Each structure stands twice: as structure tokens, then as C-alpha cells.
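2 protein chains.
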Amino acid sequence: MAKEITSRSENYSQWYNDIVKKAGLADHSAVRGCMVIKPLGFAIWENMKAQLDTMFKDTGHVNAYFPIFIPKSFLSREAKHVEGFAKECAVVTHHRLMNDPNGEGVIVDPSSKLEEELIVRPTSETIIWNTYKDWIQSYRDLPLLINQWANVVRWEMRTRPFLRTAEFLWQEGHTAHATKQEAWEEAELIHEIYARFAEDYMAMPVIKGAKTASERFAGADETFTIEALMQDKKALQAGTSHFLGQNFAKAFDVKFADQNNKEEHVWATSWGVSTRLVGGLVMTHSDDEGLVLPPKLAPTQVVIVPIPKPNEAILEVAEKIKAQLNEKGISVKIDKDKKKRPGFKFAQYELEGVPVRIGIGMRDLENNQVEIARRDTKEKSSVSLEGADRYVADLLVEIQENLVQRARDFRKEHTSEVKDFESFKEVLESKGGFIHANWDGTDETEARIKELTKATIRCIPLEGSEPDGNDILSGQPGKHKVIYAKAY
Amino acid sequence: MAKEITSRSENYSQWYNDIVKKAGLADHSAVRGCMVIKPLGFAIWENMKAQLDTMFKDTGHVNAYFPIFIPKSFLSREAKHVEGFAKECAVVTHHRLMNDPNGEGVIVDPSSKLEEELIVRPTSETIIWNTYKDWIQSYRDLPLLINQWANVVRWEMRTRPFLRTAEFLWQEGHTAHATKQEAWEEAELIHEIYARFAEDYMAMPVIKGAKTASERFAGADETFTIEALMQDKKALQAGTSHFLGQNFAKAFDVKFADQNNKEEHVWATSWGVSTRLVGGLVMTHSDDEGLVLPPKLAPTQVVIVPIPKPNEAILEVAEKIKAQLNEKGISVKIDKDKKKRPGFKFAQYELEGVPVRIGIGMRDLENNQVEIARRDTKEKSSVSLEGADRYVADLLVEIQENLVQRARDFRKEHTSEVKDFESFKEVLESKGGFIHANWDGTDETEARIKELTKATIRCIPLEGSEPDGNDILSGQPGKHKVIYAKAY
Chain A
289 MAKEITSRSE
299 NYSQWYNDIV
309 KKAGLADHSA
319 VRGCMVIKPL
329 GFAIWENMKA
339 QLDTMFKDTG
349 HVNAYFPIFI
359 PKSFLSREAK
369 HVEGFAKECA
379 VVTHHRLMND
389 PNGEGVIVDP
399 SSKLEEELIV
409 RPTSETIIWN
419 TYKDWIQSYR
429 DLPLLINQWA
439 NVVRWEMRTR
449 PFLRTAEFLW
459 QEGHTAHATK
469 QEAWEEAELI
479 HEIYARFAED
489 YMAMPVIKGA
499 KTASERFAGA
509 DETFTIEALM
519 QDKKALQAGT
529 SHFLGQNFAK
539 AFDVKFADQN
549 NKEEHVWATS
559 WGVSTRLVGG
569 LVMTHSDDEG
579 LVLPPKLAPT
589 QVVIVPIPKP
599 NEAILEVAEK
609 IKAQLNEKGI
619 SVKIDKDKKK
629 RPGFKFAQYE
639 LEGVPVRIGI
649 GMRDLENNQV
659 EIARRDTKEK
669 SSVSLEGADR
679 YVADLLVEIQ
689 ENLVQRARDF
699 RKEHTSEVKD
709 FESFKEVLES
719 KGGFIHANWD
729 GTDETEARIK
739 ELTKATIRCI
749 PLEGSEPDGN
759 DILSGQPGKH
769 KVIYAKAY
Chain B
289 MAKEITSRSE
299 NYSQWYNDIV
309 KKAGLADHSA
319 VRGCMVIKPL
329 GFAIWENMKA
339 QLDTMFKDTG
349 HVNAYFPIFI
359 PKSFLSREAK
369 HVEGFAKECA
379 VVTHHRLMND
389 PNGEGVIVDP
399 SSKLEEELIV
409 RPTSETIIWN
419 TYKDWIQSYR
429 DLPLLINQWA
439 NVVRWEMRTR
449 PFLRTAEFLW
459 QEGHTAHATK
469 QEAWEEAELI
479 HEIYARFAED
489 YMAMPVIKGA
499 KTASERFAGA
509 DETFTIEALM
519 QDKKALQAGT
529 SHFLGQNFAK
539 AFDVKFADQN
549 NKEEHVWATS
559 WGVSTRLVGG
569 LVMTHSDDEG
579 LVLPPKLAPT
589 QVVIVPIPKP
599 NEAILEVAEK
609 IKAQLNEKGI
619 SVKIDKDKKK
629 RPGFKFAQYE
639 LEGVPVRIGI
649 GMRDLENNQV
659 EIARRDTKEK
669 SSVSLEGADR
679 YVADLLVEIQ
689 ENLVQRARDF
699 RKEHTSEVKD
709 FESFKEVLES
719 KGGFIHANWD
729 GTDETEARIK
739 ELTKATIRCI
749 PLEGSEPDGN
759 DILSGQPGKH
769 KVIYAKAY
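Going line by line, the protein sequences match chains A and B.
Our numbering puts the first residue of the first sequence at 289, with every later residue one more than the last.
Our numbering puts the first residue of the second sequence at 289, with every later residue one more than the last.
It should be emphasised that the hints constitute simulated quantities derived from the structure, not laboratory data.
Small disclaimer: the values here were computed from a predicted structure and weren't measured.
Do not rely on the hints blindly, as some may be mistaken.
A pair counts as met if it fits within one copy or between any two copies, since identical chains are not told apart.
[What the hints assert, rightly or not] In the DSS-like style, the derived pairs of lysine-lysine whose C-alpha atoms are separated by at most 25 Å in a straight line are:
id	residue 1	residue 2
1	Lys-610	Lys-345
2	Lys-543	Lys-309
3	Lys-345	Lys-421
4	Lys-310	Lys-345
5	Lys-337	Lys-584
6	Lys-628	Lys-616
7	Lys-584	Lys-633
8	Lys-375	Lys-550
9	Lys-345	Lys-584
10	Lys-375	Lys-401
11	Lys-309	Lys-421
12	Lys-610	Lys-375
13	Lys-610	Lys-767
14	Lys-468	Lys-538
15	Lys-496	Lys-700
16	Lys-368	Lys-608
17	Lys-767	Lys-496
With the hints as constraints, model all of the structure from the sequences given.
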């Protein structure tokens, strides 16, 4: 297999597309803007999903499932929400096809027009709050801590696999609470879970912060975000958690009777991460040879390659190592293909990002050892057969730590602080990355900087947002020190 | 909580709806024919999904994800397929809404009309085979053993929660093979997996058989089915596995070069089970007090209820039992609510189908024992505290076995064999259930019997389909002995 991956330095965007395509993560489809998630890409998403689902359940959330269709009128109920989501969406208008009387094929049966059009959900606040109205009467029904794993559709004009697609897979949590305080704490809790997941499992360090008003979710009073830095020094918004106040409760008239039998509107949050995370994972760790996967999310953690090809003696040892590693909860594949050369296989597993490769040849067996290669640094070691399983288990932990440390170092290197607009522009163009700068807190300055430089305020960080000077553009007193970057 | 479940004898259909609603399995939604799957219903589906997914992966299948939309023209490619699925489907015609210039709300933006309409997938053979065309060139690319977990939409006119809904969740396997033999064996393998899952996990005995030509999946050369008998003596088609021959490969021009470099069309299967299984589970085991869940699929297997209310001594023992059971992989809930009465709680857990309830009161503790109640038979026993965990573990196994045995006995009792049409009608009306009868193998007789009696041929069973007489209606020589029933 020829790898033919464009190098990152040559064309980062093409490098990304090459990795996605050649490592077998996703493929284009016949439907504009929709991708096919291939087995390797889907297996990574399944691992992400399993871990996140555990974290949600451990904090008291349960899963449910709501309809994919939203009656058109529901979108209009919350004024900002409709602005944000009605623009580009898939609209179902008919429910039947018929044979074309003039020829071959099928046409839409005009008599099957729906009374009210249905929107394929771009997000589910409206249909869910319309349902919560029936489920919530008293404080005893609260909190509702519900999540759903689902597909959603947003008719994006410019799409890229995983990062921005018309259809994507995600989870969306929708919670209902008796008090503002409790809803706020829920939004914070999920924000924290997202950050922990990104750092501890994806090995992708993130900055936790709040979005500015203009970048908030349509219908939210506050949006918390985790922001990661990709290798091309652009930011990726990786997960958001919204405090919705009483906006949707008011739009759908959802009230509860409190302990004194007084009626009040319910407080809400919503929060989501999507298959976009797979794109973030690729762009954080991978290199010019292919995918680099953190061990905690790699579908295959260890591959054993017989050299030059499988024979009985080698396979016996391979099976023994596999059994020992499986015992430790480590997933192992033995490559039993007799036709392909080891060099070809090595390149294939590098491309697919398998964290650890064990090579076993006859001479290794004579010396009672195996060769162990790690994907992240490409270092190889000869390791005694006895204890090889412990060595591999430790190595997986080390690789996981190395990846997150490497990403932290990269971020540190590409994080700057500036005091004036000239430096801002220069740093943005020469170095890129995250730029801390004082902001006067106005929509106008934010919009103007975006217009002039394409950089946006990624967030008002939870830590270190005390202003210490004037706004870099307007010269007005700073309200927050924020983080700017160009972003996906 | 008032249970108010209609009894099965009074109105079976209403009983089913009551269970679904009151046990919290599902709820109606604002969208015609679509249901909301509530947390308990979804947790059951998650357990089914986890087990099936394991069985698929253990037999070499991998998961992937294909777009929800299918270009309209794709449906027409396979002649029978379009007949079967174009009739009632959700058609996306536009991709944007706009503010209504004449008033409030939003309307469809006429300028956003799609060049080609998109169908929300009713099943994915067409989009998947259009993709496989790019993935398959040579025998080395085969077999492809891919499954996806997804939502699908069929615009059904008459819907019932879980059993028949416009949108439902399912898995659909789509495999590609180099030989007819291999594809046929794949269809059989999955048929066997479905039957094993139904019997061993759902405790729902099924008959394995093949559908008649008129009941086959639209586009299949053979459809294998598993058929279960519900408590109202109607049959439920619970899962189908299709041998598709080369029909889709021909429709989408998918060929491979064999080892001699000769081109041939690829052989295919597809297979699926859906959230309909949740409905089948309810209708197989539940009673007039509520849900009865087989332990292997129950989200909560054991509930511990302090009597009359929790105190420190009781909770200490409860936590200890819980820890012991968790150790054995058994899921346990301790009801710590201090406000509700035990009687209320007992009724609630009966309604929700928790297989085993442990009651602990102060007098029990004095006697060093607990009270253990099983949901299936409602028997109670006083059990010594020491060894209570082993008792419960054994009891869960016993309940699982009892449920499947009870269902087998019920099916046996409601299975008949008839030799003439008068007896057929009489048995069908008086006793219902499965009726074995000789069939002449013609579409005409099959259709005529359906018209006269509403009974359909559920399958030509894999075992015992040798004819031993003439067709009950036509009097022509029997070709198969088949199984008739009224069905969902």
C-alpha cells in the first residue's frame, strides 16, 4: 500500500484529508456534505462514546431517545434559537413517492404534502422541552438528567470530514432543574467532564472558559466551552455546555409547583460533543506517517507482527503474549497474513495509529526476546520475552502521558500575550496559536477584530481573565482578558 | 401511584399501551407516528444492543455509519426495492427556512429547493451498495462484514409504540461476499444469532424459518425470519436475515476480480432487528401488574426496599448486600426514599418489572434474615442474611429459565395442526396461535387465505416443513407444511 500522505508542512489541510481517507477513518458519500464513517473511524467514536457514557451515568444521567423530526413551528418558539438554526436545515415536506407517469423512476407524490413541514433536528431543545412539559408538574419530578446519543443535520455550506459535516453524530444532554443554582452547577459539572475526557482520554489539553455573548448557543444565557489547539495553530471548539436559564421553559410553558405549591418556570441546561472530536484527535497527535492514537481510545492497542511471516513457533509465542495482554484488558491483534511483507505491514499499522507494535522473528525467539516499537516516538527496543507484557502495559501508560505532555508543550509554545493590536496581528500571522489580550467587552470590538484578522474570541477563560490593561483595538478599559485565535 | 392497568383479558391492546405508558417505557410525541423512548425503555434497548453488538463482533463484524439521506434516484435502481420502500417515506425537498414576510414564524425558503430530493432512509441497502462500489475491487477486499446502529423512517399509517413506529432504532448488517455459498451461510449465521439472542436473553422462544416469496424483503432472494408468539396468540416477526443474491450488486454495478482476475458481481446479505424487540419483550412476559423483565436484560436486576423506611442499621445491611451482588455483576438499586410507603414502592417496582425485590425490616435483622420476592411468580421467601447473595444470584438464573419455559409452554399450548380449511378457521378463531398446515406453494392460495381469515404464512419452518397432505384451501398437493397465524 502506498501511503502518499501530503506532509503537514506542505499542506496541512490536504494532510488532514489524506489521513482521514488513507487511514480509513471516513469516506465521502453520494449525499452532499455527508460522510461515511468507516470501521476504524467508527471504532474510535465508539470508544469515545463508551467512556463519555460512563462519565454521564456516574454523575446520575440516563439516556433516552426523542424523535428525529421537529415540527417547523417549534423552532419559532424561542426567538434566538430560530435565528440560529432555521437558516440551514433539511426540510421534510412530503411523505410519499409515486411512479413517474411520464417515464422511469419515481417522483414526489404531490398529494402527500404535509400539513406542517418537519425539520430534521439540528439540535433537540424544542422537541424535548415540548415533551418535558408533560413530564414536569412538581418539584418531585426534578431534576431531569437526560442525555441522548443521536444524529443531527445542519445544512453546512462548506464541510470537512468530522470537523463540519451536514449530518453528524453526537450526544446532547438536556436537563431540567428547580433552581437557577442547580442548573448552573450542572452546566459547570458537564464542562468539567468534557475537559477531563479531552485531557485524560484524548490526551488533548483544553482551555476551559465561557463564550462571549455573540458566540453563545442560540437560546443560551451562558455557554461554557473547551478549546483545543491543533497542530496548524488553529483552535478547535471541542465541546460546549449551556446554561439555558428559563428560556426554553418559557417558550414551551414548562412550570413546576415548588414545595410551597408556588408555580415557577423550570431552569435548564443542554450540552454536547460530537464526532468532531475524532477530527480533533487526528489533528492533535497525528504525523506525516499517519494516525497517532492515544492508547486509551485506540481500537487496537497492540499489534503483533511475525517476521518475516507467521510460523507455528512464532504464533505460539504471539498467542501467549496476546493472552497475557488481554488479561490486563489490553486489545491485541496478531497479523497472520502470510502474503504481505513486514515492511508493508509496519507502514499500514503506523498509518492506522496502533500505539504499540511487537515484532517477533525466529532470531528474537532464539534470544528469548521481542522487538517493541512505539508509534508516538517511533523508538524501538528489544525486550526480554519474560515480562514483555508488563513492559507493554507500562509503555501504553507512558505513550498516553507523552502524547498529552507533547500537546501541552506545543500549546505552551504557541500561546502568547499581547498588549497592542500591532503585536496582535504580527503574532497571529507569524506564530498563530492562542493569544491572550485585553478586551473591552463590546460586541463591536469583537466583530471588528474578526473582520480585520479572522481571529475570534475563543473564550473568556475560567482562570486568568482579570484584565490588566486596555482593549488592544479600541483602547477602552479592558473588561476581561480573553483568548483569541483563528479557529475551525 | 395508581397503577390502573387494563387487564389483558379485558383489552389486550389497551393493556399493552398502559404498560408502555405507565411503566415509563415510551411516550407519544408531537410528531405523528414517532415515539419518545423514555429512560427505562431506552435502558432495555441499550442492554439488547450491547449483547447483540458483542455477538456480531464475536463473529467478525465491525460497525460503521452511513448517511441518513438517500438520493431519490437510488431507490429506483433495484426494481422490487423501490416498490417496497418508495411508497411511504419522508422526503426532504428544501434546505432552508426564512422569516415569513407576511407575519410571524418561519416558512420554507422556495429558493432552497434541492435539485434531487433526499429520502430519509427506510433501510440502507442502496446508499451502502453505492458506497461498496468504491470499496470493492478484488477478492482481497471481501468479505465486508459491516453493521450499523441507526434510526430509520417509514411513514406508517397505523402506529403502535415499539411495534410499529414511523421512526425506529435498529441495526442493519450489510455484508458482501465473493461466493453465493458464503453469503448464504452468512444469512444463516445471523438467523441463528437472532434466534439465540431471542431465546437466551429475551427468554422469548422463536420459530426459525424462511418467508414465502410474497413476504420476502423487497430485493431479497430469500428471507429468514424468527417468529415469536405473543400472549394474545398473535405472531410477532422479531428479526429477519436476507440473502440478497447479486441483486444490489447488479443494481449498483459492484463487481470484483477473483483470483483468476475474472470479474463477477458480488454476493450480499442484509439483516436487522429493531426497537420492535422491546415491544415483543413486553408482550411475551408482562402481566396485569406491569412489566416482567428477564434478568439478563433488566436494567435494574435487584431492588432493596427498607421496611417501613430506611434507617442506619437497615442501610448498612443493604449496602453490604449490594456490594456482594455488584461483585457478582448484578445491578442493584437501594430505595432510600423516606416519604413513600413500602406498599407503594412494591407496586412501583412490580410495574417496572424489577426481577427480584429484597425487603429488609428491623425484625428481619433481628432474625438475621431478609425477605426476597421474585417478580415472575410473585413468591416470597425468608432467606438467611448469610448466603443471601448466592440465593439471589441463583434466583436470577431460575427466573430467566422460568420465563423462557413458561413462554415455551404457552406456545406449545397454542400450536395446532389442521388438515382442512374448516378446522383451520375454527382453530384460528377459538384458540389462535400457530397453526401448521399444508400449503400448495402458490401466491394465490396464500393471498386467498389472508383475505378470508387475516392469517398469514409466518414462515416455512426450517424443521418439520415436509408436506403430508393437500393444501387446506385449494386441495392441491402440499408443497410445504407451513405455519399460519394472525400477526402484528
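These are the hints, each one checked on the structure:
For a Cα distance limit of 25 Å, the shortest separation of Lys-610 from Lys-345 across copies, 18 Å, qualifies, whereas the shortest one inside one copy, 31 Å, does not. For the identical chains of this complex, Lys-543 and Lys-309 are inter-copy neighbours only, at 22 Å across copies versus 49 Å inside a copy, given an alpha-carbon limit of 25 Å. Taking identical chains as interchangeable, the C-alpha atoms of Lys-345 and Lys-421 lie at most 25 Å apart only when both belong to the same chain, with a minimum of 24 Å there against 41 Å between chains. In this homomeric assembly, Lys-310 and Lys-345 come within 25 Å of each other (Cα to Cα) only across copies, at 24 Å, whereas the closest approach inside a single copy is 35 Å.
Proximity of Lys-337 and Lys-584 under a CA criterion of 25 Å is satisfied in both settings, with 12 Å inside one chain copy and 23 Å between copies. Taking CA atoms no more than 25 Å apart as the test, Lys-628 paired with Lys-616 passes in neither setting, with 30 Å inside one copy and 45 Å between copies. Only within a single protomer do Lys-584 and Lys-633 lie at most 25 Å apart by alpha-carbon distance; the minimum there is 23 Å, versus 41 Å between protomers. When the C-alpha separation of Lys-375 and Lys-550 is checked against a cutoff of 25 Å, the pair qualifies neither within a copy, at 39 Å, nor between copies, at 51 Å.
With identical chains, the CA atoms of Lys-345 and Lys-584 are at most 25 Å apart both within one copy (19 Å) and between copies (20 Å). Proximity of Lys-375 to Lys-401 under the C-alpha cut-off of 25 Å is found in both arrangements, the shortest distances being 22 Å within a copy and 13 Å between copies. Taking the shortest Cα distances, Lys-309 and Lys-421 sit within 25 Å of each other only across copies (16 Å), while inside one copy they are farther apart (45 Å). Within a single copy, Lys-610 and Lys-375 get their C-alpha atoms no closer than 53 Å, and across copies no closer than 52 Å, so neither meets the 25 Å cut-off.
In this assembly of identical chains, Lys-610 and Lys-767 lie within 25 Å of each other by CA distance neither inside one copy nor across copies; the values are 58 Å within and 53 Å between. For the homomeric pair Lys-468 and Lys-538, the shortest alpha-carbon distance inside one copy (14 Å) is at most 25 Å, but the shortest distance between copies (60 Å) is not. Taking the closest pair of Cα atoms, Lys-496 and Lys-700 come within 25 Å of each other only inside a single copy of the chain (15 Å); across copies the shortest separation is 62 Å, beyond that limit. For the homomeric pair Lys-368 and Lys-608, neither the shortest alpha-carbon distance inside one copy (60 Å) nor that between copies (51 Å) is at most 25 Å.
Proximity of Lys-767 to Lys-496 under the C-alpha cut-off of 25 Å is restricted to the intra-copy arrangement: shortest distance 18 Å within a copy versus 71 Å between copies.
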